[in-house]
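Here are the chains, one letter per residue:
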Amino acid sequence: MRQVYLDHQSATPLLPEVFEAMRPYFTDFFGNASSLHQHGLRVRDALKTARQQMAALINAESEEEIFFTSDGTESSNLAIKGVAYANERKGKHLVISATEHPAVVNSVEFLEKQGWTCTRVPVDPEGRVNLAALQAALTPQTVLVALHHVNHDIGTIQPVIEAGRICAQAGIPLYVDCEASAGWLPIDVRQFGAALVSFSPHRFYGPKGVGVLYRNKRARIVSILHGGVQEGGRRAGTENIPAIVGAGVAAEIARTELPTRAAHVAHLQKRLWDGLSTRIPFIKLNGPVPGPDRVPTNINISTEFIEGEGQLLLCDMNGIAVASGSSCVSKSLKISHVLSAIGLDHALAQGNLILSLGKDNSEEDMDYVVEAFARIVTKLRAMSPMWDEFEKGVIDSVIAPRGIGKSFSQHAAEVSGKAAH
Amino acid sequence: MSDTYTLYNPTVMDHFMNPRNMGDLKDADGIGEVGAAACGDIMKISLKIRDGKIEDARFKTFGCGSAIASSSMATELIKGRTIEEAMSFSNQEVVSALGGLPPVKIHCSVLAEEALKAALEDYVKRHPELAARVAAAESVVA
Numbered sequence: 001m002r003q004v005y006l007d008h009q010s011a012t013p014l015l016p017e018v019f020e021a022m023r024p025y026f027t028d029f030f031g032n033a034s035s036l037h038q039h040g041l042r043v044r045d046a047l048k049t050a051r052q053q054m055a056a057l058i059n060a061e062s063e064e065e066i067f068f069t070s071d072g073t074e075s076s077n078l079a080i081k082g083v084a085y086a087n088e089r090k091g092k093h094l095v096i097s098a099t100e101h102p103a104v105v106n107s108v109e110f111l112e113k114q115g116w117t118c119t120r121v122p123v124d125p126e127g128r129v130n131l132a133a134l135q136a137a138l139t140p141q142t143v144l145v146a147l148h149h150v151n152h153d154i155g156t157i158q159p160v161i162e163a164g165r166i167c168a169q170a171g172i173p174l175y176v177d178c179e180a181s182a183g184w185l186p187i188d189v190r191q192f193g194a195a196l197v198s199f200s201p202h203r204f205y206g207p208k209g210v211g212v213l214y215r216n217k218r219a220r221i222v223s224i225l226h227g228g229v230q231e232g233g234r235r236a237g238t239e240n241i242p243a244i245v246g247a248g249v250a251a252e253i254a255r256t257e258l259p260t261r262a263a264h265v266a267h268l269q270k271r272l273w274d275g276l277s278t279r280i281p282f283i284k285l286n287g288p289v290p291g292p293d294r295v296p297t298n299i300n301i302s303t304e305f306i307e308g309e310g311q312l313l314l315c316d317m318n319g320i321a322v323a324s325g326s327s328c329v330s331k332s333l334k335i336s337h338v339l340s341a342i343g344l345d346h347a348l349a350q351g352n353l354i355l356s357l358g359k360d361n362s363e364e365d366m367d368y369v370v371e372a373f374a375r376i377v378t379k380l381r382a383m384s385p386m387w388d389e390f391e392k393g394v395i396d397s398v399i400a401p402r403g404i405g406k407s408f409s410q411h412a413a414e415v416s417g418k419a420a421h
Numbered sequence: 001m002s003d004t005y006t007l008y009n010p011t012v013m014d015h016f017m018n019p020r021n022m023g024d025l026k027d028a029d030g031i032g033e034v035g036a037a038a039c040g041d042i043m044k045i046s047l048k049i050r051d052g053k054i055e056d057a058r059f060k061t062f063g064c065g066s067a068i069a070s071s072s073m074a075t076e077l078i079k080g081r082t083i084e085e086a087m088s089f090s091n092q093e094v095v096s097a098l099g100g101l102p103p104v105k106i107h108c109s110v111l112a113e114e115a116l117k118a119a120l121e122d123y124v125k126r127h128p129e130l131a132a133r134v135a136a137a138e139s140v141v142a
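Taken in sequence, the protein lines are chains A and B. The numbers in my numbering rise by one with no breaks, and the one at position 115 of the first sequence is 115. The numbers in my numbering rise by one with no breaks, and the one at position 79 of the second sequence is 79.
Calculated directly from the structure, the hints in this document are not laboratory data. Note that the structure is a prediction, hence the values are computed from the model and not measured.
Restricting the straight-line Cα-Cα distance to at most 25 Å, the calculated cross-link-like pairs of lysine to any residue (SDA-like) are:
#, chain 1, residue 1, chain 2, residue 2
1, A, K331, B, V104
2, A, K331, B, A37
3, A, K406, B, G23
4, B, K26, A, D388
5, A, K331, B, A38
6, A, K331, B, P10
7, B, K79, A, V415
8, A, K392, B, D56
9, A, K392, B, R126
10, A, K331, A, P102
11, A, K331, B, S96
12, A, K379, B, H107
13, A, K331, B, G99
14, A, K217, A, G232
15, A, K331, B, T6
16, A, K331, B, G100
17, A, K48, A, Q230
18, A, K334, B, V104
Chain A residues, not near chain B, derived (Cβ > 10 Å throughout):
#, residue
19, S10
20, A56
21, T73
For glycine and all other residues, C-beta sits at the position ideal for the given N, C-alpha and C.
Using the sequences and the hints, build the whole thing.
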């Protein structure tokens, strides 16, 4: 059976040359970068090279603006809590978009329990942040604005340059979460006007266990991990040298290969969506159409009258690895907060699937996925009372209403006694 | 990769991949359709009842793998039972027969129990003469 990996937003395979670069740092060059002897000094050099490679990927002025953390979650925690605590005397107000990653949302919620307040700026139905609302949310007490470059769920590219201009005018630092874009879209921290930027090498064929936080020297930040004075005192803890070395090599390759990789996945993205939308009735693309407003790696779909976890399981049994934002795949039984924020009907959010492309996917893979998915949809619709009721005219479609029957949500509320959240 | 890893145990996966009794019954004697407010799943069970016994059962489910497996297993378990026996059917039976469900998925089996009971209620509504018998059976359970 063909194996098609379409979950590159979760993890990518390590490049062989990255693995080779890392190898000696597990065994021969095992020193601690804080040590003052040959073993320590040697890895210190490696650390500096990796910092330079990271700085080059995002056009940072100097490698001294690069901090290594353990992953994207830690980077977000450091960016938000570190800036909030450092600027406590200036004010305790934060601004984020309604569709940030949980690492951002939950860091903010942690601060809210300690007396900070936060304004969540709404997004439009394609997930684009409302810039006028963002500007209006800023107050003299605002100490940080957090906005992602690309949405981790629906692939929307945010107007970060415009947001950066608004923040610069107000003198408020902007933190841009680039976890879903780094390695796939050009990132220029200076053009963004970003005070902080985070990204993770495991999204572009580097290792897990390392995250990157760029911090402009003018942005005040305090450490949230307390210990030694690693990373300029902003992030205590022994550096994960093998991962950092690998991350640097992955970043360098991503920088040179970015145009080729981006063009390749953009082509596949279009082929995949064209195939799915032609082959399967009552399917909707969430987020902007493939093109300048959407990251080329992401396809987020809702297939009507069937649920997402079942789709995911059957994809997996057909060799296709995907993700879903359905409530049935979440431990909290809640649909993805991004799908809620764009106002997606609950029935469509339940039928959600997230496919993320990578450099090793092929046209044949896309064609296989379209055919296999069409069979999966047919199988699940045959099992679904909703499909049956739609065909009988009891309920209507959300995607292509016929004006016959009640809405899915109304029907669901009637049979469950109350409305689904 | 030689091993296949699965999200659920082999019994649950089997009932999800090869569901038993999937579909509708022509001229069903009782139909129950219920939804889970918690997650949004919807389950429908149809029954064919003869001489006070469940002769046949079918399901249709809008929901996750464990919801589909739960309804498949529930319809398997209740075939051949009397109405009184079916009235005391519990989701625990589904969970045991499936060899367990993850804690967060137990509500799927509850939905199967509710769909079955809704179908029985529908049958009783169509046969008011049975109401007293069923009420007696329910009070024994309670």
